[in-house]
Amino acid sequence: MLPKTLTAAALRPILLATLDAGEAYGYQLTQRIEWISNGSIEWNSGTLYPVLHRMETEGLITSFWKPSDSGPRRKYYKLTTKGKKAVEVEKANWMSVHEVLLRLWQPNVSFG
Amino acid sequence: MSKNQTSKKSFDLDVALDTWRSFFKYRPSFFTDDMEELELHLREHIQHLIQAGYSEEEAFREATRKLGGVADLGEDFEKVYWRKIKFRGQLMAEVLLQISLVRNYITTALRNLVKYKAYSALNISGLVVGLTAAFLVFLWIDGEMAVDAFHENADRLYQVKINASGDEGTSTWSNAPAPLADALETGFPEIEASILSLPIRASLRKEDRASREVGYFASPAFFEAYTFPLIAGDAATALAQPGNVVLSERTVEKLFGPDWQTNDAVLGASVSLDNWQSNGGVLGNAVRIEANKELIIAGVFANTPEESSMQFDFVLPVQEAMNTFGHLSSWGPRWFNLMVLLDEQADANALGDKLQGVLTANDPSAVDHALILQPYLETYLNDAFEDGRPAGGRVQRLYLLGLVGLAILLIACINFTNLLTARSSQRASEIAVRKVVGAAPSSLVQQFLGESIVTSVIAALGAVVLIALVLPVFGTVTGMQLSLGDVPVGSWLVFAAITVGTGLVAGFYPALVLSSTNVTRIIRGNSGGLQQGRLGVRQALVIVQFSISVFLIVGTLTVHDQLDYMRAKDLGMDAGNVVSVRIEGDLGEQYEAFRTQLERMPTVASVTRSSEHPLAVANMNSNVVWEGKLDTEQVLFKVLHADDDFAETMKLRLVEGRFHDDAIDRGQRNYVVNEEAVRTLGLEQPIGYPFALGYEVDGPGPGIGKIVGVVEDFHTGSLSEERIGPLVMGLVDGQENFILVRFAPGQAAAGMIDLQAVYSEFNAGYPFEAAYLDDKSEDFYANQQVVEVLSRSFALIAIVLACLGLLGLAAFTVQQRTMEIGIRKVLGASSPHIMYVLSKELIVLVMASLVVALPLAWFAMDSWLSSFAYRIDINVLTMLLAAALSIGIAALTVGMQAAKATGLRPTVLLKR
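Protein chains in written order, with this note's numbering: chain L, 1 to 112; chain E, 113 to 1024.
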């Protein structure tokens, strides 16, 4: 289980990336993320919704209620154009952090 | 399987979900939308888990765990939502919730106040007085800080002062030579203007109306640099022309009538100026010119506002002073106040550095005389200098009174704190119930602070009424005229802040104590735990209160003793029953006839003339010669010229030789000196010793003169400011300024009427003004009298407040120990013994405060007294009196409560 702060920080790019694959509702998102992470990322799923709301206020995603065939209506989320750009930015940011860490963790890292 | 069966029976998912939902119901951070979404999430997850083989109950537990608890979720949602809450009107809900909380505080506070009426009265009346004192002090300090701030250029005006360094350190002079103004203005581009001013007194006359006023000679830029707006005339040119005068509105009204504005003949009209007098320069060179000088009115200025440190009614061009006293335009005499107006970009510090040597460069005799700049706004409050740097002055009184105001407020707060904590046991069950139903300590703290703020707000309302009542009295004492309606909004905000602050300070400790009480102990009936262990703090607070009171009592007694001492000290002459009249108009010429007529009156004992006010001799002269004087020797003499009957009128006491006799001494250089002069010059045989005022020696006549008499030292100045120095007396010869009239014993009132009648006969057209010489000493000690009145009132308030607090504590002790008293009585204890037992603890506290306060008070008062030229020593008796007073009052307070209890029959006590 990841520390809470790291989960909180990672949740945003993860949600952006997940939604980039297509619109989804809340529970669906948790399912997708759990599946893709193979259970290595676990968090209080309730935390998801405040983050989604914030992203919505920032204009990265929009939400809409949609009736479902099987049961009650569901609230779906989907990326906006701004959100699509944000996916790229997040990707670049996290990749650069990732690369730095990879280099640092080489067995005999040298700085010269 | 059987386990599953049983749980299935007892577990109902819908009920469980309802319960889960209800937890979120009272969290304002969730909206219905959110709740729906969360519940859907939860249901779907549960469904999935059941499909995966979980029981309903297991699935519910797992899904809710996964979703997160109420507290965590609420917090996360709140963070995101605050903005939305505003928009969705939820803010209103939030506000309503807070209002209902505040309403609850108010209700509880009021209920408690009503329930314990006596305590509430003590608390509130204490706070009323404390808040009143604090606010009055604030108003006074605020008024003092606002002095001179109304000048638009206030932050660009600087006073030029001179730091003169010598063997005895650096002294700072506020007066400068006239040519320095031009030198500064032309030599330094950052100086926009330089303004000389020199105070004068004169009578202004317009035909048969005259008015005696104080005014200034001032540079042409005066009305542009300062903000004294002209109602008529041109500020830029009004003072440019010698022969002009600018008058205050009030003076114009006196001379030209109330309708002067409709009759535009005022500008350009002429008034005459008579009997100028100027006390310029540090050495008090008094100059008087007997002349009717015609002046053209070139402007009228609005009356000087109250918050101006300069109060004057006319201004003359400074050139007029130069024309009249030719030597003033040289670098020698330093008579003028010199102010510079800097341009907006100027850096005063940098300029100050550049200015330092200017005086020495222009006046070679002014070695080690450096110029310094003091911001104009600081000159009023920081008027004392030490070693060339500002060293307080008036501002110290501000600090002092500010501290006293705070001290009073502190005493009131302590009363509140002590009474509330002492009473806490009575509220123990209320607290316990609140705690049991789930009040967190923080919300209890909030509640108690809320209550104490409510109490102090109630007190504040009372304080406003009290302030309105005492403001006029306060104004008379401090010389600050203010009515409740004049108090600006900003000051009321400060008052509100003081009120809330007081509530917080007073309620802080009780809130902590009350909120941290142990519920189980209370419920078991052991509420005593509330006070035990807290007594230390309460005792300390009582000691603080009484220390402040004792300190103020000692202060009051000492100030009073010192003032008494100065008022009653033998002045070396008898100034009682003597009035002074200024010589002006025809009085000078017709003095002999005036005197003859007066002395015929049975109400008048004697009449004489002098150059100076006998109680305020300002003429200092170092130009004195005597046989054997060394070139390097300089002795500063006070010089007093008087008629030969001066000694008789003032009842001076002769030590040896004789007083002047007009028949022998007229035209002779014969002098009477005081004992201090004899001591200073070291004369063994003073009578006949060759002596003279230096400037007379070079004049016509018989060269050096001699001492013919020695008079006992008499005071010619404020006892608080100057010690008696050498003094020389000669016969008046044109320097007479005052006529002194001694009334026959017991005839003062009738004498005054006779004097006025004779005066009007000789000097019609001049307002009759006769002042008792004694009034001068009232002037001298006016400041100290303010301190006396204020310290007396504040000491009284402090002791009353401290006693109110003690009364409350005593009443509380008695109430707590009724049972004990009853048992003691049954067992045969005498009433005095019970009173002793009850009072002991509190009286010990008061004694402890004596130990704290007396040394502090002694030290503080000794340092206050050290600023007086003539001072008392602190009396051990004063200390004892203060000690006895505080113990006595405290014992009386506590004893009354104890007596009330011991007077009751044991059965009554035990039944309670």
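Worth flagging that the hints you see were computed from the coordinates, not collected in a lab. Note that the Cβ used here is the ideal one computed from N, Cα and C, for glycine as well. Warning: the hint list may mix true and false statements.
As the list claims (entries may be wrong) - Partial list, computed: chain E residues near chain L (C-beta under 7 Å): (1) E151; (2) R173; (3) T176; (4) L179; (5) G180; (6) D188.
For each hint, the structure was consulted:
no., hint, verdict
1, E151, "violated, 9 Å"
2, R173, "violated, 14 Å"
3, T176, "violated, 9 Å"
4, L179, "holds, 4 Å"
5, G180, "holds, 3 Å"
6, D188, "holds, 4 Å"
The structure fails hints 1, 2, 3 (numbered hints given earlier, in ascending order).
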